[in-house]
Amino acid sequence: MAGFLRTEAGKGLVLSAPASLYVGFLVAAPLGILVAYSFWTQTYVEIDKTLTWANYLEAATDPLVRHLLLRSILIAAAVTAATVALAYPIAYFIAFRTHKKTLWLLLITIPFWSSYLLRVFSWKLVLGFNGVMNSALISMGLITEPLTFLLYNEFAVVLTLAHAWAPFAILPIYVSLQKIDRSLLEAATDLGLTKLERFIRVTLPLSVPGIIAGSLIIFIPTVGDYVTPSLVGGSQGKMVANLIQVQFGPANNWPLGATLSLVAMASVGFVAILFVILATALGRRIR
Amino acid sequence: MKHFKTVLAAATALTASAGIASAEAASLSVFDWSGYEDQGFYGDYVAKYGGAPSYTYFGSVEEAFTKLQSGFAADLAHPCTDGLRKWVAAGLLKPIDTSKISNWDSLLPQIKDVDGVTIDGQTYMVPFEWGNTGLIFRTDQIDESSVSLQLMADPAYQGKIAIPDAASSAYAMAALATGASSYTDMSDEEFQKASDFLRQIHPNVRFYWSDAGQLDQAIASGEVLMGWGWNQSELNLIWNETPAKMMRDVDKGIATWVCGYVHLNSSTQSDEQVYDMLNALSSEPSGKYIIENWGYAHANADAFKSADQSLIETYGFADVDKFFEGSLFFDAVNPELEGRMLKEFERIKAGF
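Which chain is which? The protein sequence lines are B and X, in order. The numbering of the first sequence is the numbering used here, which starts it at 813 and goes up by one. The numbering of the second sequence is the numbering used here, which starts it at 6 and goes up by one.
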């Protein structure tokens, strides 16, 4: 036993054991339970454990599920695009234009010092009917009636999520920009590329891994976000997670909720893989 | 000196016994809405056990049900009548022995009779507080004589109304608006009419509120001019001096909810302690306290006689009997219909 622990394989097993056990018990096992539930049926307060595809059939044929799933994916895509587009210049600035990198990175994490829920609530205060934005516009005399399109719709959901997730895009893009060998940029200049050409043909392709990482980190969790749409989404901004919550809560139909969770997971996986393939191909093409 | 020692010993003994008593008091666990840990609600229990029970909170009756179903244990819980059939079917509750409730005969008969307090001849709940769900409107924007449930469908109020994100409450409102005979046992045709009404008002809905504070603020700011809500919201608006009130005309449609305490099957404390708490909750002083300080109606009829009459008037409970005759009660919905309501309501909210 002691001998085995000294071998490479033994050391590897020991080192990975805590994480494996953790993932096994807290991710794999619950996922297994979720899969099992998705094949069962809820009959009022009891669970009928006869295996059936009925839940999947319902999820596939119900236009409501399709509608909410599509909306969730579109909202998450909009959040991802907005966040990455806004994060890139900041990451670029930190990587190339400043020497106070630590200070800037610290500043970027400041929003995370307050709770996620509080940040969502503060957006409600900013965008609300008599909120900061409307009061400011009215006192400046730009509008006479409060704007109502600011809150309780998809726009508010995208805005809130893009703000909340910004650091998750900045950090990976920053890391990939930081890694770029500066001599490559010098070589590009020596070979006669303008600054813009140099950016498009050298810097941008080399930072694609960072963009992909940032996009996935934002896209995957935001598709399933529950709190933001329920607080600022109103009646037009609900997403698939809200429907899943209804199944586990008021509707008391855990099997259907489990099925919807798995369907959402599969859709997210599918879109994410598609995105990685496309982005990688695009990155190579520019080069 | 000897005298001093005796005093000291007595004081120590007293402190110790108070310590034991409050530990014993806290051993009773209550699963409740937040706010109900107020000691004015169960003064007799505090007097006997020297302290308060321990409280755990839920945000909605559905959340409470889900948590109890997944194995959470407590002695007492505080649901409302409309969801109770499911609780009984899931085997969560012990029947209440009404002979051990000393205040049982003083409780308002109309409240005691609500379907859900008693299910299939067995009593499961000691009703505690009740109140109204009705249409709260801005009196400075909408004329009292023209306000009605049907007005919510008027295109002039686009984005100016709010209703609860709760299927049973929304359907109770729709049943009243469309003239269904009852909401717990609607016919297919009545159900269709009620669903159509909810679809019709959907474009006017600014948001489906999930916490009452959201509704209060929206009415206070004028973001929303009409909202289907609890009397708690009306009170908050009165205290905030917002020109708003609840439409209390029974012919135009108003509902009455009843909530109370149930004895859970997972209870581990002695029946004596559980029933001491139930008796404290249903007593007249508790009722007087909740009416005067919270503006909620209590189940104990005697409390209405002893409480400040001008406050009762302000809070809208002056003519209790008239109310009971004309209002819709949140009875325990039949499970099959409840399932259909939930399903249809999700579609309506998504614009289908």
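Each hint should be verified, as a subset may be incorrect.
[What the hints assert, rightly or not] Once the Cα atoms are required to be at most 25 Å apart in a straight line, the calculated DSS-like pairs of lysine-lysine come out as:
| # | chain 1 | residue 1 | chain 2 | residue 2 |
| --- | --- | --- | --- | --- |
| 1 | X | Lys293 | X | Lys198 |
| 2 | X | Lys53 | B | Lys861 |
| 3 | X | Lys72 | B | Lys861 |
| 4 | B | Lys913 | B | Lys861 |
| 5 | X | Lys348 | X | Lys250 |
| 6 | X | Lys293 | X | Lys53 |
[Stated by the list, open to error] Just a few of them, taken from the derived set where beta-carbon distance is under 8 Å, the chain X residues facing chain B:
| # | residue |
| --- | --- |
| 7 | Lys72 |
| 8 | Ala94 |
| 9 | Asp110 |
| 10 | Ser111 |
| 11 | Gln115 |
| 12 | Pro160 |
| 13 | Tyr162 |
| 14 | Arg204 |
| 15 | Gln205 |
| 16 | Tyr213 |
| 17 | Ser215 |
| 18 | Arg352 |
| 19 | Phe357 |
[What the hints assert, rightly or not] For the chain B half of the interface with chain X, some residues (derived, Cβ under 7 Å), not all of them:
| # | residue |
| --- | --- |
| 20 | Leu876 |
| 21 | Val938 |
| 22 | Asn942 |
| 23 | Leu962 |
| 24 | Tyr964 |
| 25 | Asn965 |
| 26 | Gly1061 |
| 27 | Ala1063 |
Calculated directly from the structure, the hints in this document are not laboratory data. Backbone N, C-alpha and C define an ideal beta-carbon position, used for all residues, glycine too.
For each hint, the structure was consulted:
Taking the CA atoms of Lys293 (chain X) and Lys198 (chain X), the gap is about 41 Å. The hint is violated against a cut of 25 Å. Of the supplied pair hints, the one linking Lys53 (chain X) and Lys861 (chain B) is violated, its CA atoms being roughly 48 Å apart against a limit of 25 Å. For the proposed pair Lys72 (chain X) and Lys861 (chain B), the alpha carbon gap of about 21 Å is at most 25 Å, so the pair holds. Of the supplied pair hints, the one linking Lys913 (chain B) and Lys861 (chain B) is violated, its CA atoms being roughly 57 Å apart against a limit of 25 Å.
For the given pair, Lys348 (chain X) sits about 32 Å from Lys250 (chain X) by alpha-carbon distance, which is inconsistent with the 25 Å threshold. A hinted pair counts as satisfied when its Cα atoms are at most 25 Å apart, and Lys293 (chain X) with Lys53 (chain X) qualifies at roughly 20 Å. Taking 8 Å as the C-beta cut-off, the interface hint given for Lys72 (chain X) is violated, the closest approach to chain B being about 10 Å. Interface restraint check: Ala94 (chain X) against chain B, minimum CB-CB distance 5 Å, threshold 8 Å, status holds.
Hint status for Asp110 (chain X) relative to chain B: violated, with the closest Cβ pair at about 33 Å, above 8 Å. Nearest Cβ of chain B to the Cβ of Ser111 (chain X): about 34 Å, over the 8 Å cut. The hint is violated. Because the smallest distance between the Cβ of Gln115 (chain X) and any Cβ of chain B comes to about 28 Å, over 8 Å, the interface hint for this residue is violated. A distance limit of 8 Å between C-beta atoms decides the matter here; for Pro160 (chain X) the minimum to chain B is near 15 Å, and the interface restraint is violated.
For Tyr162 (chain X), the shortest C-beta to C-beta distance to chain B is roughly 13 Å, which exceeds 8 Å, and the interface hint is violated. Of the supplied interface hints, the one on Arg204 (chain X) is violated, with its beta-carbon coming no nearer than about 12 Å to a beta-carbon of chain B, more than 8 Å. Because the closest C-beta pair between Gln205 (chain X) and chain B is about 14 Å apart, greater than 8 Å, the hint is violated. Among the interface hints, the one on Tyr213 (chain X) holds; its C-beta lies about 6 Å from the nearest C-beta in chain B, closer than the 8 Å criterion.
With a cut of 8 Å, the hint placing Ser215 (chain X) at the interface with chain B holds, because the nearest CB-to-CB distance is about 7 Å. For Arg352 (chain X), the interface hint holds, since its Cβ comes within 8 Å of a Cβ in chain B; the closest pair sits about 6 Å apart. About 6 Å separates the beta-carbon of Phe357 (chain X) from the nearest beta-carbon of chain B, less than 8 Å, and the hint is met. For Leu876 (chain B), the interface hint holds, since its Cβ comes within 7 Å of a Cβ in chain X; the closest pair sits about 6 Å apart.
Restraint check, Val938 (chain B) versus chain X: the minimum CB separation of about 15 Å is more than 7 Å; hint violated. Nearest Cβ of chain X to the Cβ of Asn942 (chain B): about 5 Å, under the 7 Å cut. The hint holds. Given hint, Leu962 (chain B) at the interface with chain X, is violated; its Cβ is 11 Å from that chain's nearest Cβ, farther than 7 Å. Interface hint at Tyr964 (chain B): satisfied, since its Cβ lies 5 Å from the closest Cβ of chain X, which is below the 7 Å cut-off.
Of the supplied interface hints, the one on Asn965 (chain B) is violated, with its beta-carbon coming no nearer than about 10 Å to a beta-carbon of chain X, more than 7 Å. With a least beta-carbon distance of about 5 Å to chain X, the hint placing Gly1061 (chain B) at the interface is held under the 7 Å criterion. Interface restraint check: Ala1063 (chain B) against chain X, minimum CB-CB distance 5 Å, threshold 7 Å, status holds.
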